[in-house]
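K.L.:
Each chain is listed here by its residues.
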Amino acid sequence: MRNNAAERTVEVIINGEPSKVEPGCSVAVAIALAGLPCRASITGQPRGPLCAMGICFECRATVNGVAHSRTCQLLCEPGMDIRTS
Amino acid sequence: MTHRFQTLVVGSGPAGIAAAVCAGERGARVGLIDDNPSPGGQIWRSRRGQEGPDASHDSEATRWRARLLNSAVTRLQGWSVFDQPLLRTLRAERNGEVADLRYENLILATGARERFLPFPGWTLPNVVGVGAIQAMVKSGLPVSGKRVVIAGSGPLLLAVAASLKAAGATVLCLCEQASLRQLAPFAFSLPATPGKIGEGLRYRLATLGVPFHTSSWPLEAGGDTQLRQVELSIHGKPRQLACDYLACGFHLLPNIELASLLGCGVTNGAAIVDEWQQSTVPGIFCAGETTGIGGLELSLVEGQIAGLAAAGQQDRARSLFARRNKLARFAARLAKAFALRPELQSLPGDSTLLCRCEDVPFGAVRRHRSWRSAKLHTRCGMGPCQGRICGAAAEFLLGWSADSVRPPILPALISSLAAPQAAHETSLEITEKA
Amino acid sequence: MKSTYDAVVLGAGIVGAACALECALGGMRVAVVDQDTVGGGATAAGMGHIVAMDDSEAQFALTSYSQSLWNALAPELPASVEYNRCGTIWVAADQEEMAEVHRKLDFYSARGIAAEVLDEAALGEAEPNLRRPLAGGLRVPLDAVMYPPCAAAYLLEKAHKQKSGVELMLGRTATWASQGRVILQDGAEIQSPIIINATGALAPALAPGIAVRKRKGHLIITDRYPGFLQHQLVELGYLKSAHSSDSDSVAFNVQPRQTGQILIGSSRQYDTEDSGVDRDIVASMIERAAMYMPQIASLSALRVWSGFRAATPDKLPLIGPTEDPSVFLATGHEGLGITTSLATGRLLADHLLRRPSAIALKPYLPSRFEGVAGDGSRMEMFHA
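Protein chains in written order, with my numbering: chain A, 1 to 85; chain B, 1001 to 1434; chain C, 2001 to 2384.
There could be a bad hint or two in this list.
The calculated DSS-like cross-link candidates involving lysine-lysine, where the alpha carbons are at most 27 Å apart (straight line), are [claimed, not checked]:
#, chain 1, residue 1, chain 2, residue 2
1, A, 20, B, 1165
2, B, 1237, B, 1165
3, B, 1165, B, 1146
4, B, 1146, A, 20
5, B, 1237, B, 1146
6, C, 2362, C, 2315
No wet-lab data here; the hints were simulated from the structure.
Sequences are here, hints too, so could you generate the full structure?
P.N.:
What follows is the structure in structure tokens.
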């Protein structure tokens, strides 16, 4: 994918707030950069990515309305709507 | 939608890329499928334009990637294989779409995952795997000025330490659980990066400038909503370090779920293959970490052998046997050196979570007689990771073997499970840019 | 090696556990034998739905009696059992099924079971993810759901706390059960004047010729979607499939779990010994579910599995004595084993201890099928 040279950052929306990240940034990292955990465990503990390769499912968040998306395997795209629990 | 291939390769890490390129050299229709957005797997995960200590095999990665892009291999990135509904037909999904993939030969290059062992506090955000932190850096995580403790076991620790240093992180120390005596035979020939026969351990440590401790492991990760400090056991003495990340992983485990689903024989958690990399199921080959952890060089050779064998190029495949066998022998000796110590079985307390998907404490699990009984009664292993994380830990901690594998081998959309059996036939060719 | 007990229960599923508990409460020294783990058979595979069924008087008597026993037990059930009185809604897709709703309302009301008719609007409010329009439904608020393997474990724990305790023999397979002797695969022998066969779909292996047949079912469980579903939802067509012919069938039947996961069922097949997942049946089951709840198609499925129910020719279980004076049956519960487990244990214990029962045992007696094969041929039905 070629990036427009003038477009240095990608803007996504995390829990309703806009967030600018570098192109090629994963959604999991974008969430971490926003200072947030990806999800709450079933007993309410904050959780972030563990394996970063799509196996552990700790990095799940709702992306563009799809719940339980593995954010470590998704690249940020302009306008992406990301919601953590 | 149905794709038809003469050879289908699952997994686009080094082994898969090599297999696909070789399988397709003489014009066979080859497909390469992987659930990540780009090819490269873990070790060749594309980075954000930074130079780094991976430069020594960057050229190799670049060459193979170029060979792949210039080939006629059909690349299917972002697709997750979850079932084999019919003989010689895999089913995969992506973004709510379903694709059936028909093959004559199949090459499984499904790679490996890290083994995580539980200890108090291991579920805190910013406690991550060793390969994981490297993957996150490549996916944009800034670590410049961040304090990182690396712990666990295996050659990967050293490689990642170097990688993090180059990215500007402050690597506070590296804790390898194996003893110095276990590692001594490799002091002069230990590969600094997995699979690469390069400089010895002592040289690499000297150039790294990171405190390196053997016979050491994490005792507890502490913090409120995220990691703040780690307590380590360093040669039997406890030491606390304030830090931002704990990268902790205990070796790699082959991803054999798909191989098991397809009936391939498995031993010691790895797929059984013959000299042609063919599994116990005719027409299904396995290459790379799927056949046993052996590192990058071995993965590349196995991938080439499998691809050539699948394409009927026996002579060229045979010419690579000697190199593969030598690398495999080295890998076996390496695995022995880093064997996990029994002290690690005492790390989790009763209240330490074993299953992170279902928040099941170790104490609840260890009361049971078998993995199946524990699953049924505590629900450990019943979450989305399907026991990949907790099952591996339970195997080490309690000696339990895993259950048989059922489809879907990864969570799949209900709509994907409802896709009709005799999928609509098309012979659409797609060459996607990753 | 021989050991002696007042009663031996074969099968540590929910029915066996209930029998063991009732026998222990009655003062008996009890052994429970299972080839694997507690609740590992149909107990693990099925939906934990506790439901009052109205398809016959005998079925109603057993299910409602047992439901009242569950209600009484509920306060002491541990959290792991996930007992939740969320209620059932029987969903009507058309006016013909709405007529059935009213018939059910009359039936339940006449027998003291609370039920309320929901019109189309009320149904949509009660379950927003059902497609619109449907015709309506019948809500039965006191039906409950729970997680059966932990319930079976709890019943056995409670049994073990009784005076004589319970000897739990797990991972041991019984190969012979007759004339006061149970012989295990490893050669051990257990003697008891009372042998209770509660081995579900495997019961004929130890009691050859009894009228039990395997009826395969499938279930899917999703990831967590809190708030997606509030009640157990069952289509009224369920009765047609559960109680009709022998052909393969699927029906819309979904359950909310405490974690927000959704259990999706159900399917019925005879004449297959294959325990593997049948993808065609699963696809049909999903299609049927999506007809009622279209959003189900976009949920993430974590696991798919199958199990075998123990089915009898007249849909009622086999509870009571056999021609062998030491052997008693507690099997053949088809899709109602969870619901009727407690009543099964109670009725059987009443019979063994010569106590009066709250309901008659007669409709469930194995003797009604004497001379009858598992497929119901040459059958004489004894209606309650």
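K.L.:
Which hints, by number, does the structure contradict?
P.N.:
none
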